[in-house]
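Chain by chain, the residues run as shown.
2 protein chains.
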Amino acid sequence: MDKILQATADAAWILGEEGHDPLRESSHESRFAISNGFLGVRGARAATGGCRWAIPARTYVAGLFDTSTADGAIPELVPGADWLRVRILLDGKPLVDDPGDLSSHRMTLDMRRGVLLTECLQMNTPAVGVRLRTLRLVSLSERSLGLQLIQLDVEHGEVAVSLEASFEGMNLGLVAERVGQDLGVWRTPHSRKGLAMAAAPSLQVDGDEVPATALGELRWSWTWRSRPGQVACFARSVAVTRSDAPDLDPAADARDKLGAAQRLGWRGVVADHEAAWASRWRCSDVEVEGDPVAQQALRFAAYHLNSAANPADERVSIGARALTGDDYRGHVFWDTEIFLLPFYALTWPEAARALLVYRFHTLDAARAKAARMGWRGALYAWESADTGDEATPEQVIGPDRRVVDVLSGRLEQHISADVAYAVWQYWQATGDETFLLDFGAEILLETARFWASRARVEADGRHHIRGVIGPDEYHEDIDDNAFTNLMARWNIARGLEVVTLMGERWAGRWTQLSSRLGLEDVELKQWRAVADTISTGIDSSTGLIEQFAGYFALEEIDLADYAGRSVPMDVVLGRARTRQSQVIKQADVVALLALLPDEFIGDTAAENFHYYEPRCGHGSSLSRAMHGLVAARLGEPALALRYFHETAAIDLAETHAAIAGGVHIAALGGLWQMAVLGFAGLSIGADGVAIDPKLPASWRSLAFSVQWHGRQLRLRIAQAEQSLEATLEAGEPMTLVVCGTSYALDRDGALHISLREPQNAAA
Amino acid sequence: MDKILQATADAAWILGEEGHDPLRESSHESRFAISNGFLGVRGARAATGGCRWAIPARTYVAGLFDTSTADGAIPELVPGADWLRVRILLDGKPLVDDPGDLSSHRMTLDMRRGVLLTECLQMNTPAVGVRLRTLRLVSLSERSLGLQLIQLDVEHGEVAVSLEASFEGMNLGLVAERVGQDLGVWRTPHSRKGLAMAAAPSLQVDGDEVPATALGELRWSWTWRSRPGQVACFARSVAVTRSDAPDLDPAADARDKLGAAQRLGWRGVVADHEAAWASRWRCSDVEVEGDPVAQQALRFAAYHLNSAANPADERVSIGARALTGDDYRGHVFWDTEIFLLPFYALTWPEAARALLVYRFHTLDAARAKAARMGWRGALYAWESADTGDEATPEQVIGPDRRVVDVLSGRLEQHISADVAYAVWQYWQATGDETFLLDFGAEILLETARFWASRARVEADGRHHIRGVIGPDEYHEDIDDNAFTNLMARWNIARGLEVVTLMGERWAGRWTQLSSRLGLEDVELKQWRAVADTISTGIDSSTGLIEQFAGYFALEEIDLADYAGRSVPMDVVLGRARTRQSQVIKQADVVALLALLPDEFIGDTAAENFHYYEPRCGHGSSLSRAMHGLVAARLGEPALALRYFHETAAIDLAETHAAIAGGVHIAALGGLWQMAVLGFAGLSIGADGVAIDPKLPASWRSLAFSVQWHGRQLRLRIAQAEQSLEATLEAGEPMTLVVCGTSYALDRDGALHISLREPQNAAA
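Protein sequence lines, in the order shown, are assigned to chains V and A. Read in order, the letters of the first sequence correspond to residues 1 to 763 in full-length UniProt numbering. Read in order, the letters of the second sequence correspond to residues 1 to 763 in full-length UniProt numbering.
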């Protein structure tokens with residue numbers, strides 16, 4: 001077991017914590033979470049003496065939502081039992097009474113291997129000294145599986161040792177259906193989803209199996225006598241399964257999965273898991289030379305992004321804190337489509353596909369929401385859980401502990417365009433025709449239809465969308481939000497494009513689909529009219545976009561005067577005054593620059609960025625990444641790098657304790673986008689991949705992998721040499737456009753392109 | 001049981017909640033807490049179906065502190081098990097699966113009786129309809145006792161009923177020593193304090209006892225069949241005891257207490273408890289006519305103040321959230337002596353005495369802290385727990401989730417003068433000579449000695465105190481804080497006064513005490529020198545006090561510009577800029593005006609108040625009460641009333657969710673002070689009680705009781721009549737000074753005094 005318990009030597013793969021800091025513990029639990037997109041386990045400490053009076057360590061199970069019957073209740077992701085609980089007694093005294101009792105304690109997240117390791121020494125009882133090392137993982141190759149390994153090395157002392165393994169928190173939010181010695185089955189009380197957890201623990205002392213005393217209800221104990229030099233190895237495998245229907249019993253599946261794991265043995269489980277991680281890193285690792293903080297942040301981002309998704313489950317998506325914390329109760333926002341999807345589409349298309357098929361499965365709920373509000377087509381839930389029904393709470397407790405009304409569930413409608421945008425990005429990146437025909441086209445059409453019915457023509461002859469909230473949530477119930485209107489126009493245009501495409505290439509499928517959706521030419525004509533005449537807020541003389549009707553007339557507030565603040569601007573100014581001011585919560589027009597760069601010609605992108613950037617208070621963790629991406633593309637790498645580091649600090653700065661409720665997975669997706677889409681200047685079209693790098697001065701090199709239409713590319717940009725190395729690692733020959741010049745790329749070896757000179761085709 | 005489950009009819013004694021609001025639930029748990037100064041139980045809902053995945057309902061036990069051995073660990077009040085858990089199954093289905101399943105739910109805090117009542121109907125299963133009513137109390141007459149009553153009225157339906165009663169959260173922070181069927185004994189893991197809980201549950205159906213099935217480990221169940229009209233009554237008595245020494249077993253005491261309660265019967269337990277509350281209300285009720293919101297706030301304040309104290313335990317004091325929530329971990333601040341003590345000294349001297357004797361027992365720790373920092377005498381802990389050792393954390397998480405350093409444990413030294421101040425107030429109010437000789441004098445002398453050693457004479461010939469924090473914690477490590485220096489001077493003066501007093505009246509005791517403390521004339525002479533020459537910050541030309549050296553030169557910030565903010569100013573401006581500004585966190589010079597009114601002659605109090613009031617950001621819940629008290633005394637009742645209502649809103653406004661961590665007991669003490677010491681203008685001297693009322697226009701009358709030197713007075717001020725009615729309800733004749741004129745008060749009936757005319761002695 002020794003070798004398996006050793007962390008990767010290269011520090012760039014490691015996140016470590018020495019000792020114990022109660023104030024930061026709950027943030028560290030988020031940061032050190034392990035997950036495989038189905039199971040998520042917060043990084044609680046390995047051994048407790050039963051003296052932890054905070055909440056038990058959370059194990060989240062994707063999709064295990066329940067909704068109480070109370071007025072205004074919303075779905076909540078219900079945690080399963082904590083399957084890692086261990087209590088070790090040396091001479092009757094708990095080994096880890098509390099963290100302060102340990103002579104040393106080290107927790108190590110080995111991001112390369114996807115495992116959490118801990119190590120501690122207990123030397124303070126004269127009678128006995130032991131070294132305790134643990135490993136935990138949730139398998140990336142078989143997502144039902146969790147594994148816990150504990151090795152106890154006796155340094156000195158001959159005493160009675162007992163180890164008790166249990167499951168804790170079995171009654172928190174779930175109703176027990178049956179709990180036996182090795183298997184528990186629970187149900188969510190209202191949605192009646194099933195959860196089964198089967199466990200097989202074992203203990204060897206110096207290589208000999210020690211029989212367990214079964215204590216009932218997922219509790220076991222072992223007792224033996226220590227002697228100097230003794231090595232005790234504990235292993236616990238668990239299999240966790242979920243069933244979504246009240247009449248389906250998840251137990252048999254859990255037993256089968258556990259049986260397979262036992263036949264494989266825990267060494268095999270670890271090996272398969274590590275192989276799966278190695279494969280993920282081959283596809284998604286980003287390497288930076290010259291900026292170790294950025295390197296660690298990008299590894300951390302890719303670690304959590306790879307942990308968050310599950311290509312095998314099309315019924316779940318990724319919540320705003322992934323499976324690492326309670327905040328937002330597992331709900332899915334536009335974060336997934338806008339901030340996460342580019343990573344998946346370009347490094348893990350299977351995961352991206354599952355996330356989008358989840359949106360296909362929730363299309364009926366989106367259609368119902370639109371119909372209920374008097375519109376056609378599909379209006380997605382602003383917050384989405386298992387069914388796709390609107391899950392936004394009507395009130396929340398604000399950062400100042402006041403209860404505030406939330407209107408986003410009704411008014412923040414750009415979500416429909418965001419989903420369509422992600423569908424299109426995936427289609428561009430993969431050319432996945434089956435997806436387009438089975439799922440994507442219907443999403444594009446139903447969202448386009450929503451916008452066409454949502455916009456109303458007015459006396460000025462233009463179409464308007466009144467009464468919405470844009471990404472900037474400080475301004476509610478506004479008219480003609482430019483982000484919403486331009487994304488709606490873009491969405492309608494893609495709907496029309498898919499109509500043409502299907503008519504040309506898959507006429508039979510088009511006949512079926514258009515007939516099922518009742519889409520006729522007269523409606524498509526109305527779509528075109530909306531797209532042609534929708535109000536855009538663009539001042540044709542200056543190119544400046546007004547964020548929404550009336551924005552330019554609001555109070556200007558110099559945010560520099562509030563530089564010292566450490567809370568969002570709406571809390572500083574009060575909500576009422578903020579609403580009457582130009583202060584923006586997060587990238588809104590700037591988000592438009594990021595998402596639809598082709599809509600901005602000449603200097604208009606720069607002009608709009610420089611107008612809106614100083615007006616933004618960055619009251620959302622999503623905001624800075626959008627600014628960094630746009631700044632990088634506009635050739636302002638120093639400014640972009642500042643946004644990059646500020647975004648990295650959200651989850652990694654030790655000055656904060658703000659991530660107790662989970663990592664900000666969208667901000668982590670934003671880090672990857674700033675590096676790959678920003679500094680490397682990567683863009684994807686239907687015809688191929690283009691790149692236009694502008695690295696920050698401190699970044700000596702930047703290397704990353706992307707996939708495009710079944711191909712796998714590795715790209716490396718070297719700053720001093722001003723060169724690009726492009727390698728086609730898998731797939732058919734393709735074209736790569738570098739700073740505007742096309743190069744043919746094939747499997748015959750790396751292509752080296754100088755970025756210094758005016759470009760000539762080099763291959 | 002029917003009658004006992006009915007709430008007091010008069011709405012002014014009631015705090016109610018209908019239905020269920022998850023966002024406010026945890027604030028309501030604080031507001032609806034019941035306590036008797038030894039036990040405190042948060043107002044969690046009565047019945048759960050095992051589906052509550054928040055923390056279990058907390059039962060706090062005063063003094064049950066534990067300190068982990070981690071670096072920088074501080075004592076924390078460890079909650080005991082939740083002894084109220086009940087699960088009722090009707091036809092196998094949990095009665096209260098979750099609050100939303102109930103047709104109706106009402107929670108009622110009956111402040112008059114000191115009980116929490118709930119009532120709900122479950123009609124949504126067609127098979128059966130029941131009405132569930134519950135009561136819980138922790139006895140004010142026997143503080144070890146808790147009682148839970150549940151009555152189940154079957155409206156219709158014949159089904160199988162089962163009721164399971166258990167204790168939950170038994171492993172959260174405590175180590176089980178032994179847990180049996182009817183008794184559990186636990187220890188805090190480090191301090192090795194013992195906790196015993198013994199329980200006796202019983203169930204009657206239509207008057208017949210139903211035998212329990214014992215399920216082991218404080219779990220029982222009962223099963224029977226319902227029939228329409230059936231009444232089932234469940235009663236559970238618990239006795240809780242604490243032992244402070246590792247070798248003391250608290251179990252026998254718990255068994256004895258429980259046995260006595262069983263002999264008395266639960267009706268007797270309720271009756272004794274209600275009699276104890278009736279007696280408390282006779283001594284402490286404040287009645288306001290014309291302002292029902294103020295009336296409710298004053299009842300609520302007195303309810304929690306009467307709940308928080310325990311005259312029988314001199315080893316504990318009252319934490320910043322009393323026994324109603326986790327915030328501040330049960331730690332005791334100056335809040336107790338400055339904000340709470342006046343209420344106790346004047347309405348419940350036995351409680352006040354116990355709180356001060358707690359400070360006597362922690363005097364050695366205070367002497368050790370002073371010595372460690374290089375000074376003489378006693379420097380109390382800024383945050384104090386069981387031993388009196390400094391318990392202030394070195395870092396905390398700020399309102400903006402940043403980790404900030406806390407210097408108060410070293411620098412906020414005015415606490416020593418605050419304790420001395422409270423000792424003197426108690427002495428003035430009671431004339432309790434035994435207390436003064438056994439405890440009070442030593443505190444006064446050792447704190448005076450601290451100040452005399454703390455202040456250093458400098459080149460200007462004056463004594464200075466450098467490097468402190470005053471009540472305004474925005475300005476750290478400052479010199480010559482006026483509050484600190486003037487309170488220090490006052491503390492030394494009282495020390496010298498006690499020297500004189502003891503020398504004159506108890507020469508023998510003085511010889512003993514002075515010899516034990518090593519107090520000689522030469523030292524007393526130095527005290528006098530310090531008191532005479534300490535820097536006060538008073539500008540003799542204007543009478544304006546500079547809050548600390550250099551304050552006047554700091555940046556002026558107009559707080560009106562920040563009127564919309566909903567967070568403290570240091571969060572708005574950032575800590576660095578706030579430190580360089582005149583923005584004050586809380587009453588500092590204004591607190592001095594409140595505590596030492598006699599030090600301010602002529603208009604200087606008003607001048608200082610009007611200078612400092614607009615500079616205060618009220619970043620502490622303690623601040624507004626001090627301002628209201630001073631404003632009332634200065635004859636500005638409208639302004640004072642605004643502060644009164646803002647203070648009441650801290651714990652009672654439904655717009656906030658800020659009291660999840662417990663009620664702000666100091667702000668509640670401040671409400672009482674604003675009413676009695678402010679609007680009624682009550683003051684206490686060694687010679688008697690004086691009153692000088694200035695009621696707000698809306699208050700038609702104000703009536704309250706106070707005790708002075710063994711006497712009990714009831715005073716009622718009528719606004720329209722401009723009259724005062726004074727009744728001496730107990731004790732020897734005394735003098736009452738009304739608006740400067742003395743009246744003799746005896747037991748011959750109420751004295752009626754007109755406040756309208758120039759006063760003449762009327763009796």
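Since the hints were made in silico from the structure, they are not lab data. Don't take each hint at face value.
[Claimed, not checked] Okay, the calculated beta carbon distance ranges per label pair:
1. A:Arg225 <-> V:Val210: 44 to 52 Å
2. V:Arg401 <-> A:Thr69: 29 to 37 Å
3. A:Arg225 <-> V:Val231: 33 to 41 Å
[Claimed, not checked] Stretch by stretch, here's where chain A covers chain V in the computed footprint (C-beta under 8 Å, at least three residues):
4. 224-230
5. 567-574
6. 613-620
From the three backbone atoms N, C-alpha and C, an ideal C-beta is built for every residue, glycine too.
Hints and how they fare:
1. A:Arg225 <-> V:Val210: 44 to 52 Å: holds, 49 Å
2. V:Arg401 <-> A:Thr69: 29 to 37 Å: With a Cβ separation near 33 Å, Arg401 (chain V) and Thr69 (chain A) satisfy 29 to 37 Å, so the hint holds.
3. A:Arg225 <-> V:Val231: 33 to 41 Å: Roughly 58 Å apart at Cβ, these two residues miss the hinted range, so it is violated.
4. 224-230: violated (count 0)
5. 567-574: Coverage by chain A holds for the region 567-574 of chain V (5 residues, Cβ < 8 Å).
6. 613-620: With 0 residues close enough to chain A, the hint is violated.
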